[in-house]
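Undergrad: Sequence:
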Amino acid sequence: MLWVLFLLVAWAVAGITCARLCLAAVEAARPAPEGPGLERQLSLYEAAFLAGGPQRVAELTLVSMHRRRTLLLAHTGWTTVVDPEGEDDLERSVLGAIGPAGQARTAAVRAAASAADAVRALADRLVGAGLAVPDAARSHVASAVRAVQGAAALTLALAAATLLMLPQEQGSTVLVIAWFALPLLLTLGCLAIARIEVYPYTRWASPDGQRLLGSLSPRSDGDERALLTAVAVQGVGALDDPALRAALTGGRMAHRSH
Numbered sequence: 001m002l003w004v005l006f007l008l009v010a011w012a013v014a015g016i017t018c019a020r021l022c023l024a025a026v027e028a029a030r031p032a033p034e035g036p037g038l039e040r041q042l043s044l045y046e047a048a049f050l051a052g053g054p055q056r057v058a059e060l061t062l063v064s065m066h067r068r069r070t071l072l073l074a075h076t077g078w079t080t081v082v083d084p085e086g087e088d089d090l091e092r093s094v095l096g097a098i099g100p101a102g103q104a105r106t107a108a109v110r111a112a113a114s115a116a117d118a119v120r121a122l123a124d125r126l127v128g129a130g131l132a133v134p135d136a137a138r139s140h141v142a143s144a145v146r147a148v149q150g151a152a153a154l155t156l157a158l159a160a161a162t163l164l165m166l167p168q169e170q171g172s173t174v175l176v177i178a179w180f181a182l183p184l185l186l187t188l189g190c191l192a193i194a195r196i197e198v199y200p201y202t203r204w205a206s207p208d209g210q211r212l213l214g215s216l217s218p219r220s221d222g223d224e225r226a227l228l229t230a231v232a233v234q235g236v237g238a239l240d241d242p243a244l245r246a247a248l249t250g251g252r253m254a255h256r257s258h
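In my numbering, the protein residues as written are 1 to 258.
If you're looking for bench data, these hints aren't it; they were derived computationally from the structure. Fair warning: there could be bad hints in the mix.
[Said to hold, decoys possible] Distance ranges between label pairs, derived from CB positions:
#	residue 1	residue 2	range
1	Leu8	Ala136	31 to 41 angstroms
2	Gly214	Gln149	37 to 47 angstroms
3	Gly96	Ala192	43 to 53 angstroms
4	Ile16	Ala136	17 to 27 angstroms
5	Gly15	Ala160	42 to 52 angstroms
6	Val174	Val9	13 to 23 angstroms
7	Asp124	Leu8	41 to 51 angstroms
8	Gly96	Gln234	38 to 48 angstroms
9	Arg225	Asp83	35 to 45 angstroms
Heads up, the beta-carbon is just placed ideally off N, CA and C, and yes, glycines get one too.
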């Protein structure tokens, strides 16, 4: 009756990992005690962070500087400084990432700007306001999801091992499949629910942050702020300039329709 031990292991691992994911999801969705959340307006940088994290903030900064002719973003993948004066800490971090040579690869500039102190300070302010999910909570959810995925794989492996050990009789095969299907359904169902309910919170915005983002309505009406809002919320795919999209994506989206 070794297969019963396998079944108990499958149930135990499935139950523990699913409970861990539920607890992590609750923690990620919990608002900050002092969160003034919905009583404030988001800046473009804040909207960019909540929608896409540090990289989206760096992309928004690059686009804004390019459109003001502070930088030149070439479709070849290079960024060139035109005016070495930044208007805020984020723009100064981009200029610092480019360096004294005045030219650098756009991908390297974006990576360095994403990790700059100015972006970390922005993240800390949003976490303190209850609008962004702390790094620790987001990591716990991601780790818990991987654990549930591992539990599902373990259940399948134990079921396969049991089928190989037992006599090849129709009754025993059906019995094994029926018993092991229960912990497998538990893990798969938990992953499906997590995909729907937990996934937004494992990114960057808390529930309050998600609601504030939902109140923004970027439009493609040619207005500069509307364009930057679209980039902040939707990413560089919202740009209507194929050359600029190519400069920021390496050409991956230059020929896609939007």
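Undergrad: So which of those numbered hints doesn't the model satisfy?
TA: Of the numbered hints, 2, 5, 8, 9 do not hold.
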